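Given only the sequences and the hints, what does the whole structure look like? Please build it.
If you read the protein sequences in the order shown, they are chains Y and D.
Each residue of the first sequence is one higher than the one before, starting from 1 at the first, in the working numbering.
Each residue of the second sequence is one higher than the one before, starting from 1 at the first, in the working numbering.
If you're looking for bench data, these hints aren't it; they were derived computationally from the structure.
Predicted, not measured: the structure shown is a model, and the values here were computed from it.
Note that the Cβ used here is the ideal one computed from N, Cα and C, for glycine as well.
Watch out, some of these pointers could steer you wrong.
Just some of the chain D residues that point at chain Y, by a computed CB distance under 7 angstroms [unchecked claim]: (1) I15; (2) A159; (3) F207; (4) L211; (5) G215.
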Amino acid sequence: MNEIIDVNTLFGPLPYASSDLPVEALTTLMQQNGVSRSLTLSTLGMLMDSTVGNAITKAACNELPHLLPVATLNPLSFIGDTQPITRLKADGFVMVRFFPDDQGWKVNSLSFLEIVRTLTALQMPLMIAASKPGDITSLLSALGDYPGSVVLAEVTVDAIAELLPALRRCPNWLVETSRLNSMGTLSLISQTVGAERLLLGTTAPFRPISGAVQTVRYSGLDESQVALVLGGNAQRILRLQ
Amino acid sequence: MAIFDVNLNLEGYPIPGVNQNLAQIAQGLQQRGIEGGIVFSARAEKVDPLSGNRILKAMLDGTPQLYGGLTAHTNRVDASLQAIKDLLGHKRIAAIRLVSNEPLEPLHPLVADELLNACRRYQKPIFLPTPNAACVEAALHLAKTYSMHKFIFVAMGGADWRTAIAAADQAVNIFLETSGPLDRAKISPAIEAIGSHRVLFGSNLPFRDPLAALGLFQDNELSSLDRRRILYDNAVKLFNLNESEA
Numbered sequence: 001m002n003e004i005i006d007v008n009t010l011f012g013p014l015p016y017a018s019s020d021l022p023v024e025a026l027t028t029l030m031q032q033n034g035v036s037r038s039l040t041l042s043t044l045g046m047l048m049d050s051t052v053g054n055a056i057t058k059a060a061c062n063e064l065p066h067l068l069p070v071a072t073l074n075p076l077s078f079i080g081d082t083q084p085i086t087r088l089k090a091d092g093f094v095m096v097r098f099f100p101d102d103q104g105w106k107v108n109s110l111s112f113l114e115i116v117r118t119l120t121a122l123q124m125p126l127m128i129a130a131s132k133p134g135d136i137t138s139l140l141s142a143l144g145d146y147p148g149s150v151v152l153a154e155v156t157v158d159a160i161a162e163l164l165p166a167l168r169r170c171p172n173w174l175v176e177t178s179r180l181n182s183m184g185t186l187s188l189i190s191q192t193v194g195a196e197r198l199l200l201g202t203t204a205p206f207r208p209i210s211g212a213v214q215t216v217r218y219s220g221l222d223e224s225q226v227a228l229v230l231g232g233n234a235q236r237i238l239r240l241q
Numbered sequence: 001m002a003i004f005d006v007n008l009n010l011e012g013y014p015i016p017g018v019n020q021n022l023a024q025i026a027q028g029l030q031q032r033g034i035e036g037g038i039v040f041s042a043r044a045e046k047v048d049p050l051s052g053n054r055i056l057k058a059m060l061d062g063t064p065q066l067y068g069g070l071t072a073h074t075n076r077v078d079a080s081l082q083a084i085k086d087l088l089g090h091k092r093i094a095a096i097r098l099v100s101n102e103p104l105e106p107l108h109p110l111v112a113d114e115l116l117n118a119c120r121r122y123q124k125p126i127f128l129p130t131p132n133a134a135c136v137e138a139a140l141h142l143a144k145t146y147s148m149h150k151f152i153f154v155a156m157g158g159a160d161w162r163t164a165i166a167a168a169d170q171a172v173n174i175f176l177e178t179s180g181p182l183d184r185a186k187i188s189p190a191i192e193a194i195g196s197h198r199v200l201f202g203s204n205l206p207f208r209d210p211l212a213a214l215g216l217f218q219d220n221e222l223s224s225l226d227r228r229r230i231l232y233d234n235a236v237k238l239f240n241l242n243e244s245e246a
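And the structure:
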């Protein structure tokens, strides 16, 4: 059986969730649904302090090797020290993630562009939320030339008309599926730019894993395409064994 | 396990070939192992209540597993009243929903009154949009005022689902429909507070694939009785589905 990799999970307290999201809840859900590895991050890094959050993420992933650490960076607290950013890859982080809406900044801000410039040398995969119409278009100018993989997160069917031309224009861009659970979206994306551009994402344990996996399985993709979305594409872009 | 989805949408979706007619919706449900559902017309909501509801009703003949939900618009009262008079008594129209120009704003009770009064003789369950706490409060007021009707709170308060559960705890004629955020935490407290007999499975197809919505019940520890009630039995009872098939 092909490996299932979830590229969008998190753990820790989350105000819009009704309860804390313990890492144990994530690992239990993964086990129940046959997910062998998940990319994850501490909500503390997303909501408050990326330095502390990244340390918590790293500690959790050191203990549980089936969790792969994702670093968060907040341009609002970037005051020019690029050294911690340049160390992220060597510290074992497999991806860097940005939350413009949750943190309240714009993708055309100079601090974000400066962070991207620093990351360009590392070519680390990036993931960034693009949940509203217009977000993907704005990202084209900020990340259109980024040399590594760019994963769009939290995209919904409302942005499908923006998403498709952006994926056509930027061959290193992909999209994760946590909010692409509307009918027909995955098959349309696959037909337009290929199933190689889709990654399973769930936001577990806040949201369920089972429904997200089933949505991919019943999306109309053939077996080999489903295998790519559920894990093969993540293995490729993250160079996982 | 049999599944009935009480919240399906006809038209109004950007991807073609998914919900432009009831045959497409029925096929999508069948592929996912879902027995049937209640369909509402986006045309009736966004353009014209009279023609939208009539088109929906006409399509029902070819899809016995699907039932219609009438849409009444608080800003198009005359056309909505005509649709209620013409269509709500029909066996295959299982329910009615009230909508307004502003989906995130509470329904104004004075306008809703006229439509709710017109519904009295039909005694069919009434869907009210409750995407947030303010809408829940307005809907609770209507549920208490019209205690002879049964009300379904669509999306059970959205991210404010605790408010919806508290409202349902105050009035026994309120049912909670589970579309809205896929927050795993919301189902168990709802069952604990009001019982599984007043919770209904809805997906908001095609905006959410029912398989994604079903994840709320698969990744939660529920008894098989609660699961069966929410996914099927409650809908059969509330909408008199056995009777309307006869």
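Status of the hints after comparison with the structure:
With 7 angstroms as the threshold, the beta carbon of I15/D comes within range of chain Y, its nearest partner Cβ sitting at about 4 angstroms, so the hint holds. Residue-level restraint check for A159/D holds (minimum Cβ-Cβ distance to chain Y is 6 angstroms; threshold 7 angstroms). For F207/D, the shortest C-beta to C-beta distance to chain Y is roughly 5 angstroms, which falls under 7 angstroms, so the interface hint holds. A cut of 7 angstroms between beta carbons decides the hint on L211/D: the least distance to chain Y is about 4 angstroms, and the hint holds.
Contact between G215/D and chain Y, as hinted, is supported at the beta carbon level, the nearest pair being about 2 angstroms apart and thus within 7 angstroms.
Checked against the numbered hints given earlier, this structure breaks none of them.
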